[in-house]
Structures are given as structure tokens and as C-alpha cells.
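> Let the hints inform the model, and build the full structure from the sequences given.
Line by line, the protein sequences are chains X and H. For the first sequence, the numbering used here begins at 1 and goes up steadily by one. For the second sequence, the numbering used here begins at 1 and goes up steadily by one.
Hints may be right or wrong, so weigh each one.
Since the list can't tell identical chains apart, any single copy or any two copies may satisfy a pair.
[As the list claims (entries may be wrong)] Below, in silico cross-link-like pairs of lysine-lysine (DSS-like), each with a Cα-Cα straight-line distance of 25 Å or less:
id	residue 1	residue 2
1	K240	K336
2	K234	K382
3	K240	K315
4	K86	K120
5	K34	K315
6	K34	K240
Quick caveat, the hints were computed from the structure, so don't treat them as lab data.
2 protein chains.
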Amino acid sequence: MRQRLFTPGPTQIPERVTVAMSQPFPYHRGPEFKKLFAEIAANLQYVFQTQSEVLLLTASGTGGMEACVANLLLFGQQALVIVAGKFGERWQELCQAYGLETIVMNVPWGEAPNLDELKKLLQMHTEVAAVFCTHSETSTGVVSDVQAIAELVNAYTDALVVVDGITSVGVLPFYIDKWNIDACVTGSQKGVMVPPGMAYVALSERALKRFETQQRDELLKRRNLPHYYLDFAKAREAAKESMTAWTPAITLLMGLRESLQMMREAGLENLWDHYAQLAKAVRAGIKALGLELFAQAPSNALTSVKVPPEIDGRKLTEALRAKYGVTIAGGQGPLKGKIFRVTHMGYYDHLDMVALIAALELALRDLGWKFEMGAGVAAMQKVYA
Amino acid sequence: MRQRLFTPGPTQIPERVTVAMSQPFPYHRGPEFKKLFAEIAANLQYVFQTQSEVLLLTASGTGGMEACVANLLLFGQQALVIVAGKFGERWQELCQAYGLETIVMNVPWGEAPNLDELKKLLQMHTEVAAVFCTHSETSTGVVSDVQAIAELVNAYTDALVVVDGITSVGVLPFYIDKWNIDACVTGSQKGVMVPPGMAYVALSERALKRFETQQRDELLKRRNLPHYYLDFAKAREAAKESMTAWTPAITLLMGLRESLQMMREAGLENLWDHYAQLAKAVRAGIKALGLELFAQAPSNALTSVKVPPEIDGRKLTEALRAKYGVTIAGGQGPLKGKIFRVTHMGYYDHLDMVALIAALELALRDLGWKFEMGAGVAAMQKVYA
Numbered sequence: 001m002r003q004r005l006f007t008p009g010p011t012q013i014p015e016r017v018t019v020a021m022s023q024p025f026p027y028h029r030g031p032e033f034k035k036l037f038a039e040i041a042a043n044l045q046y047v048f049q050t051q052s053e054v055l056l057l058t059a060s061g062t063g064g065m066e067a068c069v070a071n072l073l074l075f076g077q078q079a080l081v082i083v084a085g086k087f088g089e090r091w092q093e094l095c096q097a098y099g100l101e102t103i104v105m106n107v108p109w110g111e112a113p114n115l116d117e118l119k120k121l122l123q124m125h126t127e128v129a130a131v132f133c134t135h136s137e138t139s140t141g142v143v144s145d146v147q148a149i150a151e152l153v154n155a156y157t158d159a160l161v162v163v164d165g166i167t168s169v170g171v172l173p174f175y176i177d178k179w180n181i182d183a184c185v186t187g188s189q190k191g192v193m194v195p196p197g198m199a200y201v202a203l204s205e206r207a208l209k210r211f212e213t214q215q216r217d218e219l220l221k222r223r224n225l226p227h228y229y230l231d232f233a234k235a236r237e238a239a240k241e242s243m244t245a246w247t248p249a250i251t252l253l254m255g256l257r258e259s260l261q262m263m264r265e266a267g268l269e270n271l272w273d274h275y276a277q278l279a280k281a282v283r284a285g286i287k288a289l290g291l292e293l294f295a296q297a298p299s300n301a302l303t304s305v306k307v308p309p310e311i312d313g314r315k316l317t318e319a320l321r322a323k324y325g326v327t328i329a330g331g332q333g334p335l336k337g338k339i340f341r342v343t344h345m346g347y348y349d350h351l352d353m354v355a356l357i358a359a360l361e362l363a364l365r366d367l368g369w370k371f372e373m374g375a376g377v378a379a380m381q382k383v384y385a
Numbered sequence: 001m002r003q004r005l006f007t008p009g010p011t012q013i014p015e016r017v018t019v020a021m022s023q024p025f026p027y028h029r030g031p032e033f034k035k036l037f038a039e040i041a042a043n044l045q046y047v048f049q050t051q052s053e054v055l056l057l058t059a060s061g062t063g064g065m066e067a068c069v070a071n072l073l074l075f076g077q078q079a080l081v082i083v084a085g086k087f088g089e090r091w092q093e094l095c096q097a098y099g100l101e102t103i104v105m106n107v108p109w110g111e112a113p114n115l116d117e118l119k120k121l122l123q124m125h126t127e128v129a130a131v132f133c134t135h136s137e138t139s140t141g142v143v144s145d146v147q148a149i150a151e152l153v154n155a156y157t158d159a160l161v162v163v164d165g166i167t168s169v170g171v172l173p174f175y176i177d178k179w180n181i182d183a184c185v186t187g188s189q190k191g192v193m194v195p196p197g198m199a200y201v202a203l204s205e206r207a208l209k210r211f212e213t214q215q216r217d218e219l220l221k222r223r224n225l226p227h228y229y230l231d232f233a234k235a236r237e238a239a240k241e242s243m244t245a246w247t248p249a250i251t252l253l254m255g256l257r258e259s260l261q262m263m264r265e266a267g268l269e270n271l272w273d274h275y276a277q278l279a280k281a282v283r284a285g286i287k288a289l290g291l292e293l294f295a296q297a298p299s300n301a302l303t304s305v306k307v308p309p310e311i312d313g314r315k316l317t318e319a320l321r322a323k324y325g326v327t328i329a330g331g332q333g334p335l336k337g338k339i340f341r342v343t344h345m346g347y348y349d350h351l352d353m354v355a356l357i358a359a360l361e362l363a364l365r366d367l368g369w370k371f372e373m374g375a376g377v378a379a380m381q382k383v384y385a
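Below is the structure:
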């Protein structure tokens with residue numbers, strides 16, 4: 001049976017990327033690699049919409065998140081973390097693992113952060129060194145207004161604005177420089193359409209300046225958080241020579257070169273529109289089947305859908321996989337069994353999404369859900385037309 | 001021009017591995033991935049010669065090394081590090097990055113650690129919590145007697161024996177359990193013949209017991225070194241379900257499944273013999289060209305060769321690459337320009353090594369080195385016959 005991957009990461013990979021990754025790979029200290037690196041670095045700046053630096057780390061997105069905490073913060077500093085789902089919790093756990101004083105703004109899962117509440121917190125904690133947030137919360141399917149968050153943070157504090165952009169970079173409208181974002185992480189297996197295994201971290205001039213001071217100043221140096229593999233200083237030093245500090249995931253970089261070229265060819269704004277279109281059609285299809293969306297402010301990277309009480313969420317996922325070869329994601333943490341999630345980001349077009357909703361119709365029928373067969377795909381077609 | 005990679009990592013990849021990595025990949029939380037994971041875990045035990053656990057980390061070998069330091073040691077503890085090259089220095093830098101009291105046994109580059117000296121150090125520092133060493137020091141091409149090192153450490157201390165096995169696992173005779181090694185790291189791009197991007201860490205029952213105590217005991221817990229992404233506890237918890245804690249480098253794991261199967265088919269002892277044969281032939285070829293070996297106790301993972309003073313080491317590497325498509329590695333740190341290094345580990349046979357020495361002959365002639373053309377390859381053939 002043909003397998004189709006519709007999880008909100010890893011996402012489906014373009015054939016061009018697979019072919020690129022199958023070529024013989026260069027030595028990571030040789031001239032061919034340096035060309036590869038330089039081309040990637042320039043195109044990542046485009047995808048992140050920044051003139052500043054984007055670092056490459058061989059790690060999952062979580063490793064990129066840890067790098068931000070371990071490099072940018074100091075012992076004894078305060079961090080404010082906006083937690084609206086599993087990936088917000090990850091920022092919290094990371095800050096706490098490093099012993100930072102962590103102020104948590106809890107947002108009900110499924111909702112976007114309340115900006116008034118954030119404002120109050122910022123007014124109370126003006127000494128906070130960094131604010132951590134999640135642009136597209138993959139566990140709930142909710143998008144945050146990171147532009148407004150950054151404005152508030154910059155209005156009330158000197159804190160760095162650190163964004164988990166793992167399912168937003170290349171997917172949702174996002175301007176790192178224009179919005180004054182100081183650090184932003186993404187992973188290889190999401191909007192940039194490469195298999196998992198790498199994280200990319202964009203850093204603002206301001207973040208780099210602060211980091212350099214912390215590296216240089218004798219008193220601050222003593223307060224640096226311990227780390228080595230994920231060190232920004234080593235990554236930057238190597239990047240000056242178009243290299244990585246450690247042996248990188250070379251085949252993934254070869255795929256990345258290709259996918260970034262494709263993203264340049266398509267144009268970032270067109271990609272954002274494309275994902276918005278896919279999301280719109282899928283959501284029309286979902287509603288036509290009598291299902292309800294979960295996210296109150298839906299991210300166009302994915303759609304999260306409530307599992308009706310009459311249906312066993314695990315059975316639905318299992319039926320899709322076993323009978324129709326379609327893999328989607330269930331809920332995480334407190335949402336286990338309560339929602340399911342399907343991607344839009346990645347290498348997908350309208351017809352892929354029609355196939356997804358068609359499979360969902362078949363699986364729902366198998367589980368006894370009542371709806372008009374074909375209503376989902378028909379609704380999608382109307383949106384597309 | 002056809003490119004041939006002869007660096008001591010990354011190494012040449014079997015075609016079967018490339019094909020495996022080009023297949024559609026499964027979702028890392030689904031049943032197909034769990035099968036993949038379970039098969040890999042079992043075969044890694046074979047390759048490491050251990051009945052205990054082998055953890056998978058998405059990181060280069062350095063990330064695996066850091067994981068050992070950050071998980072197994074505690075604030076305020078002493079570490080003894082044997083430094084006989086660049087990778088020994090890496091253990092030292094890692095221990096120091098985490099603020100551990102680090103006792104360094106410096107070994108001249110090119111030599112193997114002196115066991116009498118180690119014995120004296122161990123007698124002086126019986127409280128040491130871990131001893132870090134390098135089985136095959138890739139920067140010098142020297143092999144250490146880790147069996148004897150482990151015996152000494154266990155005779156005089158309760159320290160854990162932590163081994164960088166990055167260019168030894170799957171390449172040199174190595175029995176983790178039998179030799180009482182507590183932790184051993186390797187990378188994907190060396191003896192296991194997969195592109196770079198993953199680290200594998202074998203942990204002894206004793207190391208796991210100590211780790212568990214440190215996780216449980218309230219007083220010890222406060223002394224844990226900060227870390228998150230590379231956490232052994234999270235990796236072990238996920239491994240119980242045949243999963244990884246974070247999204248792993250799935251395509252590399254698909255390649256790994258294939259390469260581990262190939263290693264099982266070949267048989268580990270046969271692979272060790274095979275690499276010894278390749279090393280023997282290459283060294284005979286090198287000597288027949290009038291060149292001198294650098295390592296006093298050569299590791300069969302690679303051969304390091306002194307660049308004669310009459311020749312510019314960088315020009316030699318460059319001539320091989322540009323004119324003959326052959327990539328080798330130069331010296332690192334203080335050995336830059338003074339030695340060159342060629343791999344034996346990886347997917348290579350006698351004929352590959354003949355091609356390597358043939359290219360070396362041509363490049364040496366270009367640079368004016370005097371020798372009998374063909375003497376190198378002829379000497380290799382005699383060894384093989």
C-alpha cells in the first residue's frame with residue numbers, strides 16, 4: 001500500500017531533495033563543502049527574512065531551542081516563558097533545567113496568548129533577560145502574534161525575544177528583522193522540507209552583541225551556562241570559514257541546498273499564500289464532515305481537529321494508517337485522544353490535501369460517523385475553485 | 001571527475017545504505033518506526049559487544065561525548081582525561097566546560113598513553129569519578145590499549161571508564177562488556193558506514209546504576225550538571241517504547257538499519273581482520289614510496305603519514321583532490337601540514353586502497369618526490385597475495 005505522510009513534521013520531502021541527498025557527499029573540511037555551506041547560509045537568511053546570522057546545528061529543533069537558552073542566558077537571570085502547549089512547556093523545561101528563574105505565563109491549550117496579560121507580566125518583571133514564545137504551537141495548531149509579542153517585550157523590557165519558529169519559518173508570514181525578533185529556531189523537517197536531523201537558529205545583531213559581551217566580560221563570563229556542543233561561539237567561528245564546528249549531517253545539508261533553492265524559486269510570500277490556501281480548503285472539508293476545529297487562532301502550518309466523543313481517536317488514526325496508508329498525528333499530553341492533527345506545511349498541494357480528506361472520510365465511515373460521503377472533498381473543491 | 005573519499009570520517013557509504021535512505025520514511029511515533037528502532041537497538045548491541053543499553057542521539061560524535069560528561073558526572077567531581085591528540089583534548093574541553101576538576105594526562109601526539117604514568121596518576125587521584133580516554137585517536141592515528149586502561153582504572157578507583165570509540169567501534173577489536181567499559185561513544189559516519197549526523201552511546205549496567213542513583217538521590221540530584229536535549233533519562237524512557245526522546249534523523253536511521261545488517265552478515269571479527277589487512281597493505285605501500293608512518297602504535301582505522309620536509313602538505317592534499325578526485329585529510333592542530341591521514345574504516349576493499357596509493361604516487365610525482373613509480377601499489381599487491 002502506498003504510504004502518505006501527513007504529520008505536522010516530519011513532512012513529505014520533494015523528490016529533488018531525495019535525489020540531492022543520494023549523491024556522493026563531500027568532505028566537510030574541503031572546498032566543495034564550503035560552497036555548499038555558503039549557498040545554504042545565504043538562502044537561510046532569505047527564508048528567515050534576516051540580514052543577520054543563521055547558525056546550523058546537527059540536532060533536532062529541541063537542540064536548537066536548548067542552544068538559545070544555554071548561550072544567551074546567564075546564571076541567575078530571569079526568563080519569561082509563554083506556555084500555550086507542549087512546545088511552550090519545552091521552553092519552560094529548558095529554562096528550568098538550566099536553573100533560570102522562570103516566570104511562566106500559562107495559556108489554555110487551544111488559545112492564543114492574551115496580550116494584555118503578557119503586558120501586565122512584563123510590567124511586573126522588567127528585569128527579565130529573555131522572553132520565550134512559540135510562533136506556531138504544533139501541539140494545539142494555534143498561531144501566536146509574535147510581532148505584537150515582540151513589540152510589547154521591547155516596549156517594557158530589554159529582554160531578548162526568542163521564538164520557536166519550528167513550524168512557522170517558511171510557512172507563515174514571519175519577518176525576523178522587521179519584527180525585532182532576537183532568536184528564532186526551526187528544524188529541518190518542517191517548512192524547509194528536509195528529513196529531520198538539523199536545527200537552524202537565526203540571531204539578531206542585538207542578540208549577537210549581547211552574546212559577545214557575555215563571552216568577553218570577565219564578570220559575566222563566570223555566569224555563562226555550561227555547554228559545549230551547541231556553542232554559538234564555535235558555530236560562528238566555523239561559519240566565518242563556511243564550515244561547521246563539528247562534523248555536520250552532510251546529506252541533510254545537500255537536501256537543504258535543494259529545498260532552499262526550491263523555496264527561492266517559489267518565493268516566500270507565495271509559499272505563505274499556498275499554505276493558507278491548503279489550510280482553508282482542508283478546514284472547509286473538515287467542517288463539511290461535521291467535525292469541529294480545535295485551535296481558536298489556527299496556524300496555517302497544520303489543522304487540529306476535535307475528535308467527537310462518539311469516536312475513539314486512536315482507532316481513527318490507526319484506521320487511516322492501516323487501511324489507507326495515511327499517517328496523521330494524534331494529540332499530545334492532555335490532548336491525547338481528544339484531537340488529531342494534519343500538516344499543510346511541507347511538500348504538498350491541493351490534490352494531496354484532497355487525498356487526505358478522502359481517506360479521512362473513508363476511515364470515519366468505517367468507525368460509524370454519520371455524514372454525507374464526499375461532502376468533505378466537495379467542499380474543498382469549491383474553496384479551490 | 002569521479003570523486004573518491006578517503007578521509008577518516010566521513011567514510012564511503014555502501015550503495016545499499018544510500019538506497020535505504022532514499023525510501024519514504026516513517027513517522028517517528030508510529031509502529032513502523034518502532035520496528036526500525038528495535039532492530040537497530042539489537043544490532044548496535046552486537047556491534048558494541050554489549051548486553052546493556054545503547055542510546056541513539058541526533059548529534060555528531062561530539063554531542064555523544066558531551067552527553068557522557070553532562071549525564072554521568074556531578075558538580076564538584078574530579079575527572080581524569082588522557083589527552084594524546086585533538087580528540088583527547090575534546091574530552092578535556094568538555095569536562096572543563098562543565099566546571100569539573102579536570103586532571104590531564106598529556107601524551108605526546110603520535111604516542112600511545114604510558115600505562116605506568118596512568119597508574120601513578122590513578123594512585124594519586126583515587127577519588128576520580130570518571131576516566132576519559134580515546135580508543136583510536138583520529139588526529140594522530142594511534143590506538144590506545146583501552147582494555148589495559150580499564151583494568152588499571154578499575155584496580156585503583158571506582159571511576160567510570162568512558163571511551164571515545166568514534167573511530168574504533170566496528171573497526172578495531174573492542175569488547176565493551178568483557179573489558180568493563182562503562183560508556184562508549186561512536187558516530188554514524190565511521191565504522192558503521194552511514195552519513196554523519198548521529199551518535200550512539202553504550203552504557204554499562206554499572207554506569208546506568210550510578211546514573212539512576214544520581215537521578216533519584218535528593219542530595220546528588222542538586223549536583224546534576226545542567227542539560228536537556230542530550231539527557232540519558234529521556235532517551236532511555238523513550239527507548240523502552242522503541243522510540244527516541246526527540247524527532248530523530250530518520251533517514252540516517254534507515255541507512256543505519258541497512259549498514260548494521262551488512263555488518264552482521266560480514267561478522268564483526270571478520271571486519272576487524274579486514275581493516276587490519278587494508279591497513280597492512282596501505283602501510284607497505286606508503287613505506288615503498290619512501291614515506292614514514294607517524295603513529296607509534298597505529299590504529300587500523302586509519303594511517304597517518306609524515307609529510308617529508310621537501311613537500312608542502314597542503315599542496316599534496318590539494319593535488320590529490322583537484323587532479324585525481326581523491327580526498328584525504330591533513331593534520332589537525334600542531335600537526336597541520338606535517339602529516340596526512342587516510343581511512344581504512346568504512347566501505348572500502350583492497351582495490352579501493354590500491355586506487356588510493358596509485359593516486360598518491362601520481363600526486364607525489366607531480367610534486368617532485370623521488371621514488372620508483374608503481375612501487376607503492378606493487379608492495380600492496382605482495383601483501384595482499
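> Next, verify each hint and record whether it holds.
Tested hints:
Taking the shortest Cα distances, K240 and K336 sit within 25 Å of each other only across copies (19 Å), while inside one copy they are farther apart (45 Å). Taking the shortest Cα distances, K234 and K382 never come within 25 Å of each other, neither inside one copy (53 Å) nor across copies (46 Å). Taking identical chains as interchangeable, the C-alpha atoms of K240 and K315 lie at most 25 Å apart only when they sit on different chains, with a minimum of 23 Å there against 51 Å within one chain. Proximity of K86 to K120 under the C-alpha cut-off of 25 Å is restricted to the intra-copy arrangement: shortest distance 24 Å within a copy versus 51 Å between copies.
Taking identical chains as interchangeable, the C-alpha atoms of K34 and K315 lie at most 25 Å apart only when they sit on different chains, with a minimum of 18 Å there against 49 Å within one chain. Only within a single protomer do K34 and K240 lie at most 25 Å apart by alpha-carbon distance; the minimum there is 10 Å, versus 40 Å between protomers.
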